[in-house]
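Asker: Below are the chains, spelled out letter by letter.
There are 2 protein chains.
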Amino acid sequence: MMGSIWDFGIREELVEVENRIRESIRSDEPLLTEIASYVIEGGGKRLRPTVALLAFKAAGGKDPTQMIDLAAAFELIHSATLIHDDINDGGSMRRGRVAAYRKYGVQNALVTGDFLYVKGFAIGGKFSAPIVDLTATVSAALAEGEIRQKKRSGDVKLAREEYLDIIKRKTALPISASAQVGAMLAGADSEIVSDMADYGYGLGMAFQIVDDVLDVTGDPKTLGKPVGTDVREANVTLLAIYALNNGSSVKREELIRIIRRKRKEEEHVRRAMEIIRDSGAVEKALKDAESFAKHAKDSLRHLPADSKYRGEMSKLADFVLKRDF
Amino acid sequence: MMGSIWDFGIREELVEVENRIRESIRSDEPLLTEIASYVIEGGGKRLRPTVALLAFKAAGGKDPTQMIDLAAAFELIHSATLIHDDINDGGSMRRGRVAAYRKYGVQNALVTGDFLYVKGFAIGGKFSAPIVDLTATVSAALAEGEIRQKKRSGDVKLAREEYLDIIKRKTALPISASAQVGAMLAGADSEIVSDMADYGYGLGMAFQIVDDVLDVTGDPKTLGKPVGTDVREANVTLLAIYALNNGSSVKREELIRIIRRKRKEEEHVRRAMEIIRDSGAVEKALKDAESFAKHAKDSLRHLPADSKYRGEMSKLADFVLKRDF
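Residue numbers (the numbering used here), protein chains in the order written: chain U, 1 to 325; chain C, 1 to 325.
Hints in this document: simulated from the structure, not taken from any laboratory. Treat the hints with caution; some may be incorrect.
Rough simulated footprint, nothing fancy, chain U against chain C, three-plus residues with beta-carbon under 8 angstroms [said to hold, decoys possible]:
#1 231-244
#2 303-314
In silico DSBU-like cross-links for lysine-lysine, where the CA-CA straight-line distance does not exceed 35 angstroms [as the list claims (entries may be wrong)]:
#3 U:Lys287 with U:Lys157
#4 U:Lys225 with U:Lys150
#5 C:Lys308 with C:Lys297
#6 C:Lys45 with U:Lys126
#7 U:Lys168 with U:Lys225
#8 U:Lys157 with U:Lys168
#9 U:Lys264 with C:Lys262
#10 C:Lys150 with U:Lys225
#11 C:Lys126 with U:Lys150
#12 C:Lys225 with U:Lys151
#13 U:Lys150 with C:Lys45
#14 U:Lys297 with U:Lys315
#15 U:Lys150 with C:Lys262
#16 C:Lys322 with U:Lys150
#17 C:Lys103 with U:Lys150
#18 C:Lys322 with U:Lys103
#19 C:Lys45 with C:Lys322
#20 C:Lys157 with C:Lys225
#21 U:Lys264 with U:Lys315
#22 U:Lys126 with C:Lys297
#23 U:Lys45 with C:Lys126
#24 C:Lys264 with C:Lys322
#25 C:Lys225 with U:Lys103
#26 U:Lys62 with U:Lys151
#27 C:Lys150 with U:Lys126
#28 C:Lys287 with C:Lys225
#29 C:Lys150 with U:Lys262
#30 U:Lys45 with C:Lys287
#31 U:Lys126 with U:Lys157
#32 U:Lys45 with U:Lys151
#33 U:Lys308 with U:Lys294
Note that the coordinates shown come from a computational prediction; the quantities given were computed from them, not determined experimentally. Cβ atoms here follow ideal geometry from the backbone N, Cα and C, with glycine treated the same way.
Can you make the complete structure from the sequences, with help from the hints?
Answerer: Below, the structure is given as structure tokens:
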């Protein structure tokens, strides 16, 4: 569980978020609760609740009851998308466990995803219209990002800007919204609300780029999932884009051939990862991640300099860069 | 489109519902809009919006703006579940067209379903807490019904009460909620709100039983989808339950063997349908549907006797019994 992974001064509130989630997935139908628990208690980093609670505290929020509710809603919606993503990508492992659809079947997993969506929106729907709007807008953007990513699968002409737009929709906007609603619920002024949205955006972009890096450089045991997934699924990430545009033309052609192969053997995947690593793409991508993390930290400048939570938000941005899981 | 199928004195409002739906599925990602439009403009009976608008009018509602919004939300959520249902059931046709997942692929269809959920909840989330709660409760119940139906697939011991509970969750409760919110938005007192919930429940149960009957007796051309689907998918409906409990023991055994076959040839499906028809199950099921439709009509008794819309609601209950599509 999250609490054991990191602690940014909001451990107690995160425990409450877990309780709220557990409460809301109770169902008349035991199998539904079982699958939902399997997915949610499998862990995950609880990045969205963490960001929301930190922004809430940093922006001067006092009673966290509402924030805990909404953080639970965001995590429920996030879990719904993870289940559906795994079905779509054929991902076999998630958070160190067999993916839900492999354990319980596609049909049960699909419906459990819907159930988690409903439960998330049931909580989110209790909030003010601007919060409902924001939640819906980023959830719709996520679906758009997913469609766009799939459409461009295997497309070795994908431009850096197009990749950045996809991860913005799929990862950065939901995290940005988490930080933003934190400030909104704290009653912060519009400058701070907009700063927090920027923080979440920078953090989310950095997080996703590091995720893509870890898929090439990470240790499957620490990650809790196999590496090389992006190559295997013909997902053209920032690393592939750099490798395709900077490597030698011979290696470039080889990488293109591997990405385009319908059926890839493990040796093809390994070879593609090697080409990517040798091209210097990892270092370049990490530079981008650093610059997004810096953007996140710069967005903290209007918060009180002595605020404990401003410090924690800054630490979180550093942590996202250095993580190996 | 609906308007051309039936007219219960709310044609203008239904056109507005269509406009509201079309507006809300616009997306930056043209493919998402295309798939969503394909599913939604494929038609469908618009039963939920019809019921909501009629209950609203019958309960004395004046300005239908809010009701039109919420009716659109209910139809969006319903369309989301249809797309996911088709993926889960392997249904090849829907509303006279190739199912979305067959035309656009499972991945794109799955994400479009999520997108429609989000759009539905985005509208629904603007309403008061009791309406958000009700929407979420029936949407969660629908997921529970879906899981339960799948769990009991091929189970020839399914009891009539268990079948009724499944269709209550999958069909009757969402229709009941539609009628209920109609009365709520009209500002009706709690007796009328509860009456309208009863009306929707009775109508929804009758509707689903007739749907199951049409899967055995209907004409695929009129229905816009193949018949025999329940037998093919080993869905034990009320008809199968009656046939299993009332037919001769020889035919009973034959029906069980067919239902349990993993791979069914078309002749098996035809034979099972014949056994069901010969058992008198169709007539028994239609009796049940009639009694649910009567329950719906009885629930109109506290509405003003001279109300035009009370009459239309009664006509709708009759229509649901007689429909052949």
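Asker: Please go over all the hints and tell whether each is borne out by the structure.
Answerer: Against the structure, the hints:
With a cut-off of 8 angstroms between beta carbons, the stretch 231-244 of chain C has 0 residues touching chain U; three or more are needed, and the interface restraint is violated. Counting residues of the stretch 303-314 of chain C whose beta carbon lies closer than 8 angstroms to any beta carbon of chain U gives 0, which falls below the threshold of three, so the coverage claim is violated. Taken as a hint, the U:Lys287 and U:Lys157 pair is honoured in the structure, with Cα atoms around 22 angstroms apart against an allowance of 35 angstroms. About 21 angstroms separates the Cα atoms of U:Lys225 and U:Lys150, which keeps this hinted pair within 35 angstroms; it holds.
Taking the CA atoms of C:Lys308 and C:Lys297, the gap is about 14 angstroms. The hint holds against a cut of 35 angstroms. Distance restraint check for C:Lys45 and U:Lys126: the Cα-Cα separation of roughly 30 angstroms lies within the 35 angstroms cut-off, and the hinted pair is therefore satisfied. Distance check on the hinted pair: U:Lys168 and U:Lys225 sit about 23 angstroms apart at the alpha-carbon level, within 35 angstroms; holds. The straight-line distance between the Cα atoms of U:Lys157 and U:Lys168 is roughly 19 angstroms, inside the 35 angstroms bound, and the hint therefore holds.
Restraint check for U:Lys264 and C:Lys262: the C-alpha separation of about 32 angstroms stays at or below 35 angstroms, so the hint holds. Our distance criterion of 35 angstroms between C-alpha atoms is met by C:Lys150 and U:Lys225, whose separation comes to about 29 angstroms. Pair hint C:Lys126 plus U:Lys150 holds up; C-alpha atoms about 32 angstroms apart against a cutoff of 35 angstroms. As the CA atoms of C:Lys225 and U:Lys151 are separated by approximately 29 angstroms, the hinted pair is consistent with the 35 angstroms bound.
At roughly 32 angstroms between alpha-carbon atoms, U:Lys150 and C:Lys45 fall within 35 angstroms of each other, so this suggested pair holds. This hinted pair checks out: U:Lys297 and U:Lys315 have alpha carbons roughly 9 angstroms apart, not beyond 35 angstroms. A hinted pair counts as satisfied when its Cα atoms are at most 35 angstroms apart, and U:Lys150 with C:Lys262 qualifies at roughly 33 angstroms. Simply put, C:Lys322 and U:Lys150 have alpha-carbon atoms about 44 angstroms apart, too far for the 35 angstroms limit, and the pair is violated.
At roughly 16 angstroms between alpha-carbon atoms, C:Lys103 and U:Lys150 fall within 35 angstroms of each other, so this suggested pair holds. Between the alpha carbons of C:Lys322 and U:Lys103 the distance comes to roughly 43 angstroms, so the proposed pair goes past 35 angstroms and is violated. Distance restraint check for C:Lys45 and C:Lys322: the Cα-Cα separation of roughly 14 angstroms lies within the 35 angstroms cut-off, and the hinted pair is therefore satisfied. About 28 angstroms separates the Cα atoms of C:Lys157 and C:Lys225, which keeps this hinted pair within 35 angstroms; it holds.
Our distance criterion of 35 angstroms between C-alpha atoms is broken by U:Lys264 and U:Lys315, whose separation comes to about 40 angstroms. Simply put, U:Lys126 and C:Lys297 have alpha-carbon atoms about 34 angstroms apart, close enough for the 35 angstroms limit, and the pair holds. Restraint check for U:Lys45 and C:Lys126: the C-alpha separation of about 30 angstroms stays at or below 35 angstroms, so the hint holds. This hinted pair checks out: C:Lys264 and C:Lys322 have alpha carbons roughly 31 angstroms apart, not beyond 35 angstroms.
A distance of roughly 32 angstroms separates the Cα atoms of C:Lys225 and U:Lys103; the hinted pair therefore holds under the 35 angstroms criterion. For the suggested pair U:Lys62 and U:Lys151, the alpha carbons sit about 45 angstroms apart, so the restraint of at most 35 angstroms is broken. For a cut-off of 35 angstroms, the pair hint linking C:Lys150 to U:Lys126 stands: about 32 angstroms separates their Cα positions. About 24 angstroms separates the Cα atoms of C:Lys287 and C:Lys225, which keeps this hinted pair within 35 angstroms; it holds.
A distance of roughly 33 angstroms separates the Cα atoms of C:Lys150 and U:Lys262; the hinted pair therefore holds under the 35 angstroms criterion. As the CA atoms of U:Lys45 and C:Lys287 are separated by approximately 55 angstroms, the hinted pair breaks the 35 angstroms bound. Between the alpha carbons of U:Lys126 and U:Lys157 the distance comes to roughly 44 angstroms, so the proposed pair goes past 35 angstroms and is violated. With a CA separation close to 28 angstroms, the supplied pair U:Lys45 and U:Lys151 stays within the 35 angstroms bound.
Between U:Lys308 and U:Lys294 the alpha-carbon distance is near 19 angstroms, which keeps this suggested pair within the 35 angstroms criterion.
The structure is inconsistent with the numbered hints 1, 2, 16, 18, 21, 26, 30, 31, although it conforms to all the rest.
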